[in-house]
Amino acid sequence: MLKEAGDFRSGNVIKIENDLWVIMKTEYSNPGRKAAVSRIKLRNIATGQVQENSYKADNKLEFVVLDRKTMQYLYKSGNMYTFMDQTDFEQIEIVDTVLGEAVNFLKEEMIIEVQLYENNPVSVELPIVVELEITYTEPAVRGDTSGKVMKTAKLETGFEISVPSYCNIGQKIRIDTRTGEYMDRVK
Amino acid sequence: MRLFYIVPVKSNDKQSTPTFDIFCSVIDNFGDAGVCWRFCRELHLALPDSQIRLFCNDFVTLNRIENQLDISLSEQVLDAITIIHINSLTPQRCASIIPADVVIEAFGCELPEAIMPYVNQHTSLVINLEYLTAEAWAVGYHKTPSPLPTLKPEKYFYMPGFLPGTGGVLIDSGMLKRSASVRASRNEILRSLVIAPFRDQMPLTTSGSPVLVGTIFTYETDFSGLCSALRETTQPFLIMLCGEKTHHSFLETVFGLPIDVSAFTLGASMVVMVPWLSQTAYEDLLLCADFNIVRGEDSLLRAIQCGVPFLWQAYPQENDRHLEKSDALCNIFGQWLSNQSVRESYIKHVSALNTTNVQTGLRGSAVDYLAFLNSLPNLAEGSAGFCEYCISESDLVKKFISFIFQKFYKEN
Chain B
2 MLKEAGDFRS GNVIKIENDL WVIMKTEYSN PGRKAAVSRI KLRNIATGQV QENSYKADNK
62 LEFVVLDRKT MQYLYKSGNM YTFMDQTDFE QIEIVDTVLG EAVNFLKEEM IIEVQLYENN
122 PVSVELPIVV ELEITYTEPA VRGDTSGKVM KTAKLETGFE ISVPSYCNIG QKIRIDTRTG
182 EYMDRVK
Chain Z
13 MRLFYIVPVK SNDKQSTPTF DIFCSVIDNF GDAGVCWRFC RELHLALPDS QIRLFCNDFV
73 TLNRIENQLD ISLSEQVLDA ITIIHINSLT PQRCASIIPA DVVIEAFGCE LPEAIMPYVN
133 QHTSLVINLE YLTAEAWAVG YHKTPSPLPT LKPEKYFYMP GFLPGTGGVL IDSGMLKRSA
193 SVRASRNEIL RSLVIAPFRD QMPLTTSGSP VLVGTIFTYE TDFSGLCSAL RETTQPFLIM
253 LCGEKTHHSF LETVFGLPID VSAFTLGASM VVMVPWLSQT AYEDLLLCAD FNIVRGEDSL
313 LRAIQCGVPF LWQAYPQEND RHLEKSDALC NIFGQWLSNQ SVRESYIKHV SALNTTNVQT
373 GLRGSAVDYL AFLNSLPNLA EGSAGFCEYC ISESDLVKKF ISFIFQKFYK EN
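Protein chains in written order, with our numbering: chain B, 2 to 188; chain Z, 13 to 424.
Quick caveat, the hints were computed from the structure, so don't treat them as lab data.
One or more of the hints may lead you astray.
Below are the DSS-like pairs computed for lysine-lysine, each with C-alpha atoms no more than 30 Å apart in a straight line [as the list claims (entries may be wrong)]:
#1 Z:Lys410 / B:Lys42
#2 B:Lys61 / Z:Lys189
#3 B:Lys108 / B:Lys188
#4 B:Lys26 / B:Lys61
#5 B:Lys4 / Z:Lys419
Some chain Z residues flagged as far from chain B (calculated, every beta-carbon gap over 12 Å) [unchecked claim]:
#6 Thr102
#7 Tyr143
#8 Leu144
#9 Gly152
#10 His154
#11 Lys155
#12 Thr156
#13 Pro172
#14 Ala208
#15 Pro209
#16 Leu224
#17 Thr277
#18 Tyr401
#19 Ile403
These numbers come from a predicted model, not from an experiment.
Ideal placement from N, C-alpha and C gives every residue a C-beta, glycine not left out.
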């Protein structure tokens, strides 16, 4: 099925010639008076090759509809991540290269969508918003409540993100998994 | 200024020079047609043995750029370039056209459906030649592949730009060659653009300080700041206004309505409504000027190529996205201004020229024209240096041909 490049998201799979490519990251830019352009980072499911393609936002690409299973993330061992099917409780392991940037936001017991092609996991789709705890950051500067000054914070998953300077260790924050950016504090 | 000569690529006995088809869809104004026509001419100069065709959907606009074009003919040859109207590409016509080795979608122009089967059969490379931008994101897109399920040839994005890692800017070699002779004939050229009653009043030389010449070619703009500056300063200027939108904007500011007038005085200066000029004639006018205020992509590059101070007004976009583009250009050009306060002032002028006044809906109301006009000597060295850099390090046609040959000869 053909779909416009502007509608693709991380985790979607497209077919180029006879190869399946999973979209790892998308970026949009505006060159001029016409439609936006997008740059897509892709990984070849069979070979693991990574490349970047560019498209006009209204270019049509072959979107591959994959089997989807709702699974719960259990734990990590080395570079393998174990998930449990929520319907039959069967467990599968997915290597970190398939998960891509999703490893930055995976927290035990998180429910995600795993996409499969011919019964092999090829990508995952996270919730758009996840809540994670800050495990380390420099102390806040007194009086700066503007939110415009940013600092680096390490999350419980090990991922480092820019947060407003008033965020502290132990604080839970919400993150947009599509962009990997801080949204706000959990109240 | 160093002259730049394009050395034609010599054909290899075993390999022929690729042929090129450029597809251009005019949206509005003159930039689409202007850039494509210029690109075709420069490509031909660089590859004189190659067949180059320009497919355009608007011959009326193209005729304003190149007045030798006969708008009644759907196909013709000018300067060794074949020009074909896109509307003439019926399925029957497409069957007789063999698309070129390299097909260029200028500014993301969609190729006509009818020609696609033949492109898939005959073409080796398709290039999306995007709009010029000074923004850094262009680096990430430049020369990236763009494979599509309905397109058999390889396709790539090509990003014109000023930054290393982008595709360069379109330098006009003809303009470079004639710049010295044009400047030597400056007074004659300027006089030729003013109608008789005003010609004798033109302030081209004075017994005191020299007259400074400026050209202005903008979109709808609030020029009240410029009018005040001209009334206030004792330095005489000759202000050459180009384009209908510039004329209307200026006349509305001075007289309150767009009256029919060819020239008038403002303080010690004269303001001239320049009639419509062909591409070459407009370039010559820019070369005669001490500063140029320009709009759009093509005029920007011509102004830069003159090596004198310029201000740029970007094509207006929704949500003020054009401010990102003008800011990006200032960041690059600003590096050529060694004095920090000169750089900061310059950035303010460009930003103001591109910022919309929410009450009037016009841009440019906050430009401090007096400060800009007084800063011309401080901007001169940086403008000349930036021009030299673009010509010597950032030539689009040279870089483009190098990229094409790398892909084309690898393929064949």
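Hints, one by one, checked against the model:
Restraint check: the Cα-Cα separation between lysine 410 (chain Z) and lysine 42 (chain B) comes to about 29 Å, which is no more than 30 Å; the hinted pair holds. Between lysine 61 (chain B) and lysine 189 (chain Z), the direct Cα distance comes to roughly 45 Å. Violation of the 30 Å bound is thereby established for this hinted pair. Our distance criterion of 30 Å between C-alpha atoms is met by lysine 108 (chain B) and lysine 188 (chain B), whose separation comes to about 19 Å. For the hint linking lysine 26 (chain B) to lysine 61 (chain B), the alpha-carbon distance of about 18 Å falls within 30 Å, and the restraint holds.
Proximity of lysine 4 (chain B) to lysine 419 (chain Z) is assessed by CA-CA distance (about 29 Å); at most 30 Å being required, the pair is judged to hold. Annotated as non-interface, threonine 102 (chain Z) keeps its C-beta farther than 12 Å from every C-beta of chain B; the closest such distance is 24 Å. Distance to chain B contradicts tyrosine 143 (chain Z) as a non-interface residue, since its nearest Cβ pair spans about 3 Å, not more than 12 Å. For leucine 144 (chain Z), the shortest C-beta to C-beta distance to chain B comes to about 8 Å, within the 12 Å cut-off, and the non-interface label is violated.
Its beta-carbon lying about 6 Å from the closest one in chain B, glycine 152 (chain Z) breaks the requirement of being farther than 12 Å from that chain. Histidine 154 (chain Z), annotated as away from the interface, has a beta carbon of chain B within 12 Å; the closest lies near 9 Å. Not every beta carbon of chain B lies more than 12 Å from that of lysine 155 (chain Z), the smallest distance being close to 9 Å; the non-interface claim is violated. Not every C-beta of chain B lies more than 12 Å from that of threonine 156 (chain Z), the closest at about 4 Å, which undercuts listing it as non-interface.
Separation of proline 172 (chain Z) from chain B is inadequate, the least Cβ-Cβ distance of about 10 Å not exceeding the 12 Å criterion. Every beta carbon of chain B lies more than 12 Å from that of alanine 208 (chain Z), the smallest distance being close to 40 Å; the non-interface claim holds. The claim that proline 209 (chain Z) lies off the interface holds: its Cβ sits roughly 40 Å from the closest Cβ of chain B, which is beyond the 12 Å cut-off. Every CB of chain B lies more than 12 Å from the CB of leucine 224 (chain Z), the least distance being 33 Å, so the non-interface label holds.
At roughly 38 Å, the least C-beta separation between threonine 277 (chain Z) and chain B is larger than 12 Å, which holds for a residue marked as non-interface. Every C-beta of chain B lies more than 12 Å from that of tyrosine 401 (chain Z), the closest at about 23 Å, which supports listing it as non-interface. The beta carbon of isoleucine 403 (chain Z) is kept farther than 12 Å from every beta carbon of chain B, the shortest such distance being approximately 24 Å.
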